[in-house]
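S.K.: Each chain, written out:
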Amino acid sequence: MLILSSKTALKAQIGNLKKVERVVKSFINTKKNFKILFIYYDRSNQFRIKPLKIKKPVSIRSFIQKIERRWGVIDYLLLLGGDRVVPFFRLKNPCADSDKEVLSDSPYASRDDDYLIPERVCARIPDNHSADFIVQQLKKSSNFSSSFGLSARVWKRASENVYQRIGKKEELMTSPPVTSNRFKSQWLRKKRFLYFNVHGSKFSSNWYGQDGENYPIALSPDNIKDASGVVASEACYGAYIINKDEERAISLKFLSQPKVLGFCGSTTIAYGPAVPPSSEADLLVKYFFEYLNQGLNLGESFKNAKLDFARKAIRRHGFLDDDDQKTLLQFVLYGDPTLRLKSSKGDNRCLARAR
Amino acid sequence: MKRITKQITRDFPEFKGVKPKITEKKIRPQDKLYKKLSLGVAKEFRRVYQLSFRKVVQTVDNASIERILNVTIDEAGEIIKITHSR
Numbered sequence: 001m002l003i004l005s006s007k008t009a010l011k012a013q014i015g016n017l018k019k020v021e022r023v024v025k026s027f028i029n030t031k032k033n034f035k036i037l038f039i040y041y042d043r044s045n046q047f048r049i050k051p052l053k054i055k056k057p058v059s060i061r062s063f064i065q066k067i068e069r070r071w072g073v074i075d076y077l078l079l080l081g082g083d084r085v086v087p088f089f090r091l092k093n094p095c096a097d098s099d100k101e102v103l104s105d106s107p108y109a110s111r112d113d114d115y116l117i118p119e120r121v122c123a124r125i126p127d128n129h130s131a132d133f134i135v136q137q138l139k140k141s142s143n144f145s146s147s148f149g150l151s152a153r154v155w156k157r158a159s160e161n162v163y164q165r166i167g168k169k170e171e172l173m174t175s176p177p178v179t180s181n182r183f184k185s186q187w188l189r190k191k192r193f194l195y196f197n198v199h200g201s202k203f204s205s206n207w208y209g210q211d212g213e214n215y216p217i218a219l220s221p222d223n224i225k226d227a228s229g230v231v232a233s234e235a236c237y238g239a240y241i242i243n244k245d246e247e248r249a250i251s252l253k254f255l256s257q258p259k260v261l262g263f264c265g266s267t268t269i270a271y272g273p274a275v276p277p278s279s280e281a282d283l284l285v286k287y288f289f290e291y292l293n294q295g296l297n298l299g300e301s302f303k304n305a306k307l308d309f310a311r312k313a314i315r316r317h318g319f320l321d322d323d324d325q326k327t328l329l330q331f332v333l334y335g336d337p338t339l340r341l342k343s344s345k346g347d348n349r350c351l352a353r354a355r
Numbered sequence: 356m357k358r359i360t361k362q363i364t365r366d367f368p369e370f371k372g373v374k375p376k377i378t379e380k381k382i383r384p385q386d387k388l389y390k391k392l393s394l395g396v397a398k399e400f401r402r403v404y405q406l407s408f409r410k411v412v413q414t415v416d417n418a419s420i421e422r423i424l425n426v427t428i429d430e431a432g433e434i435i436k437i438t439h440s441r
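Protein chains in written order, with my numbering: chain A, 1 to 355; chain B, 356 to 441.
Hints listed in this document are in silico derivations from the structure and should not be mistaken for laboratory results. Cβ atoms here follow ideal geometry from the backbone N, Cα and C, with glycine treated the same way. Check the hints yourself; a few may be wrong.
Said to hold, decoys possible - To give an idea of the chain A side of the interface with chain B (calculated C-beta under 8 Å), a few residues:
id	residue
1	V73
2	I74
3	S98
4	D114
5	Y115
6	F203
7	N206
8	Y208
9	A270
10	P273
11	A274
12	S279
13	R311
14	L320
Bound-form chain A, shown alone:
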């Protein structure tokens, strides 16, 4: 595993780096099953690869490939910091929607120029302008079994099809009637999975439900207290974090919770069906949950979900269309990719632990 960051850029975001560096060192020592290297791409390194002076995604990707050639295969890549530290790629949007570009980590996960299909696990720990926030992500654990799901009412059937992988479809809540001011934070407590199939906006900090022409606030950052588990959201811009902090991005608010292990979501406008069968975001999240339930760690589950998603879409139609391609590029994983949920079979408990 390669943990990659920029010393200058990370320092500009969080200040003193000593605490983070100490915890990363401890993280490396804890993960006995991984050979882990922590490198700042803008500082000298043991491979004598020339440090980068500018933080361009293409140059950073090339830097990673150079390390791989000298160090060996990199199966896991953990980007430490947000867009101002390790920038997202700005890729051409395959869809004709209002997104000028797709913010993506996919090229970091791929060795060749076909970015749609990942070849390595790639996850990111955003900085949220806080050293403590990063440190927290590297020390997480959780041990619960039940799930929570919230869907826009218009997509209830489609969402049930996904939620059945992690709970009973009767448990799935819809918005409306659920709204932010009726939302009970305790619904998010002691959960293994948190699933959201709702609307999102680039500019609003809230997620929205839908019933006909009614778009109520389904969830706001203030609703999130003592949440736990792995979060997957299909909301448009659910993982959009540019110039945001935990009070203005639900994804960061979830990650600020000590027992939320990771967040899987979209950086741009996402797509999905109104009814089963699952496709696009629904299908990707469904596979993500399935692999987590099988005991794979977050990173492997995310990578495999993308591979299975691509295979399924191609088997259905013979090709990946614009929506499928955008889905593959826009979904990102935030958090420690090595965490996994122990199978809930047997004692029906899950235990997140380092592998």
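Assemble chain B onto chain A, guided by the hints.
M.R.: For chain B alone, coordinates are given in the frame of chain A:
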């Protein structure tokens, strides 16, 4: 296309009155993808059509959300899939 538009506005009345943008898409064989996914030989050149219904809605707190409904149709005029923006 009229038949499809009528069906969509019946099934999804929120898009009633929205004129779809129709795009013809030529799908070339995606050889590299097939190879990377070990899926054998890529399907031949295909032609599909997409009807894209777009509108901007306001949430209760006045946030603007772009609502998109895409309908993909094959050469025989059959709907392959319908997707909604989230």
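S.K.: Hint by hint, note whether the structure agrees.
M.R.: Now for the hints, and whether the structure bears them out:
no. : hint : result
1   : V73  : violated, 16 Å
2   : I74  : violated, 18 Å
3   : S98  : holds, 5 Å
4   : D114 : holds, 5 Å
5   : Y115 : violated, 11 Å
6   : F203 : holds, 7 Å
7   : N206 : holds, 7 Å
8   : Y208 : holds, 5 Å
9   : A270 : holds, 4 Å
10  : P273 : holds, 6 Å
11  : A274 : holds, 6 Å
12  : S279 : holds, 6 Å
13  : R311 : holds, 5 Å
14  : L320 : holds, 6 Å
In this structure, the hints that do not hold are numbers 1, 2, 5, in rising order.
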